[in-house]
Amino acid sequence: MDNNFYIFFDFTFNSIKAGRVIIRLFNDVVPKCAENLRALCTGEKGIGRLQKPLHYKNSRIHKVIPQCMIQGGDIIKGDGTSGESIYGECFDDENFSIKHDKPGLVGLIRNGSNKNSSQFYITTVPCYHLDNSNVVVGEVIKGLDIIIEMSEIPKCNDLPLQEILIADCGQLEPTVSWNVNENDGTLDVYPPWPNDLDHTFDENQFETVVTNINVSGNMYFKKQSYLDAERKYKKAIRYIDWYFRKNTQSPKELAEFKNKVLLNLTAVRLNINKNKEALENCNEVLKDNPNSGKAYYRRARAKMGLKEYDDALSDLNKAYNLHPTDRNIKHLFDIIKTKKRLYTEKERKFCLKAFSY
Numbered sequence: 001m002d003n004n005f006y007i008f009f010d011f012t013f014n015s016i017k018a019g020r021v022i023i024r025l026f027n028d029v030v031p032k033c034a035e036n037l038r039a040l041c042t043g044e045k046g047i048g049r050l051q052k053p054l055h056y057k058n059s060r061i062h063k064v065i066p067q068c069m070i071q072g073g074d075i076i077k078g079d080g081t082s083g084e085s086i087y088g089e090c091f092d093d094e095n096f097s098i099k100h101d102k103p104g105l106v107g108l109i110r111n112g113s114n115k116n117s118s119q120f121y122i123t124t125v126p127c128y129h130l131d132n133s134n135v136v137v138g139e140v141i142k143g144l145d146i147i148i149e150m151s152e153i154p155k156c157n158d159l160p161l162q163e164i165l166i167a168d169c170g171q172l173e174p175t176v177s178w179n180v181n182e183n184d185g186t187l188d189v190y191p192p193w194p195n196d197l198d199h200t201f202d203e204n205q206f207e208t209v210v211t212n213i214n215v216s217g218n219m220y221f222k223k224q225s226y227l228d229a230e231r232k233y234k235k236a237i238r239y240i241d242w243y244f245r246k247n248t249q250s251p252k253e254l255a256e257f258k259n260k261v262l263l264n265l266t267a268v269r270l271n272i273n274k275n276k277e278a279l280e281n282c283n284e285v286l287k288d289n290p291n292s293g294k295a296y297y298r299r300a301r302a303k304m305g306l307k308e309y310d311d312a313l314s315d316l317n318k319a320y321n322l323h324p325t326d327r328n329i330k331h332l333f334d335i336i337k338t339k340k341r342l343y344t345e346k347e348r349k350f351c352l353k354a355f356s357y
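Those letters in the sequence shown? Residues 1 to 357, by the numbering used here.
Since the hints were derived computationally from the structure, they do not count as laboratory data.
It is possible that some hints are incorrect.
Here are the simulated DSS-like pairs of lysine-lysine, each with C-alpha atoms no more than 27 Å apart in a straight line [stated by the list, open to error]:
no.: 1; residue 1: K339; residue 2: K276
no.: 2; residue 1: K287; residue 2: K246
no.: 3; residue 1: K274; residue 2: K223
Pairwise CB distance ranges (calculated) [stated by the list, open to error]:
no.: 4; residue 1: N291; residue 2: N58; range: 46 to 52 Å
no.: 5; residue 1: N204; residue 2: T248; range: 15 to 21 Å
no.: 6; residue 1: G185; residue 2: N114; range: 46 to 52 Å
no.: 7; residue 1: K307; residue 2: N114; range: 54 to 60 Å
no.: 8; residue 1: D241; residue 2: N204; range: 17 to 23 Å
Small disclaimer: the values here were computed from a predicted structure and weren't measured.
Just so it is clear, CB atoms sit at the ideal spot from N, CA and C, and this is done for glycine as well.
Make the full structure from the sequences, and use the hints.
Spelled out as structure tokens, the structure:
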């Protein structure tokens with residue numbers, strides 16, 4: 001019988017759902033440390049001595065280090081300078097018997113010897129330098145890719161430039177559903193990352209999976225919920241890339257479908273002014289299919305947003321040669337020419353003013 005505790009963190013990146021991470025605590029090896037994390041996940045201890053809830057809910061991840069770890073759990077100040085355990089502000093190290101020999105290990109951050117509080121880290125690679133100095137209290141068993149994605153979010157001085165929050169947390173029973181799969185009322189009923197799938201799919205079944213995820217993105221796009229649509233299209237692409245890595249001989253249709261999803265992702269990003277990312281998506285499509293008029297058209301829109309007007313007109317010419325009757329192309333020609341003229345005139349006036357005496 002499994003007597004270990006299971007806890008979960010539901011993460012959001014800039015208020016957008018990232019997914020659920022499941023952690024098994026080693027309460028058979030470090031019972032005091034495990035109880036600390038478990039109770040901080042449930043919030044059952046109420047208000048602490050520092051007059052803040054002893055609860056991880058709504059606390060932030062304050063540090064991300066690619067190819068190393070993420071850090072969070074400062075329930076007092078949220079910046080990694082404080083914290084409080086269920087036993088008081090700090091408590092002693094329990095033991096160092098579990099080594100940092102793999103990704104996904106959860107340990108306690110301490111402020112000096114025998115000063116453990118609520119702060120924790122989750123490794124994304126083996127971290128042997130932490131052996132015999134930090135207590136390992138558990139391991140991620142579902143959602144490690146969410147942690148890896150988190151660790152690679154752009155940062156400044158290790159502070160993530162997106163707000164990463166524990167939107168919810170708690171304890172789970174090992175015999176009940178862990179709710180790792182999506183449950184937003186769409187056809188997407190799969191975990192955020194394919195490594196967390198509980199069963200395998202044959203080729204036809206997998207095509208159904210990625211189609212359902214893409215359709216879910218389309219639904220959000222039609223509702224103008226662009227950030228959710230972006231999340232779904234990115235998910236469909238990561239599933240397809242995962243399938244390609246696992247299957248050296250993948251169907252041509254799946255590669256073509258990936259290009260379709262990339263163009264959907266481009267459409268979303270153009271609507272939220274992520275022009276650089278949209279341009280990169282179009283480049284990926286054109287590398288595989290240099291005759292995609294839609295990719296040239298959308299890349300022209302992205303370049304227009306980046307004020308690269310001459311390159312945008314060049315792409316539109318290519319799109320026009322492929323689709324000479326498309327009225328949208330002609331309309332965009334007129335828009336870009338007008339923007340280029342106004343931009344050039346503005347630059348001319350600026351230069352005249354700058355060099356006038």
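These are the hints, each one checked on the structure:
1. The straight-line distance between the Cα atoms of K339 and K276 is roughly 18 Å, inside the 27 Å bound, and the hint therefore holds.
2. For the given pair, K287 sits about 22 Å from K246 by alpha-carbon distance, which is consistent with the 27 Å threshold.
3. A C-alpha spacing of about 19 Å is found between K274 and K223, which places the hinted pair at or below 27 Å, so the restraint holds.
4. At about 50 Å, the CB distance of N291 to N58 agrees with the hint of 46 to 52 Å.
5. Hint check: N204 to T248, Cβ distance near 19 Å, so the stated range 15 to 21 Å holds.
6. Evaluation of the 46 to 52 Å hint for G185 and N114 yields a pass: the beta carbon distance comes to about 49 Å.
7. Roughly 57 Å separates the CB atoms of K307 and N114, a value that falls within the hinted 54 to 60 Å.
8. Between D241 and N204 the C-beta distance comes to about 19 Å, which sits within the given range of 17 to 23 Å.
Going down the numbered hints, you'll see the structure goes against none, and every one checks out.
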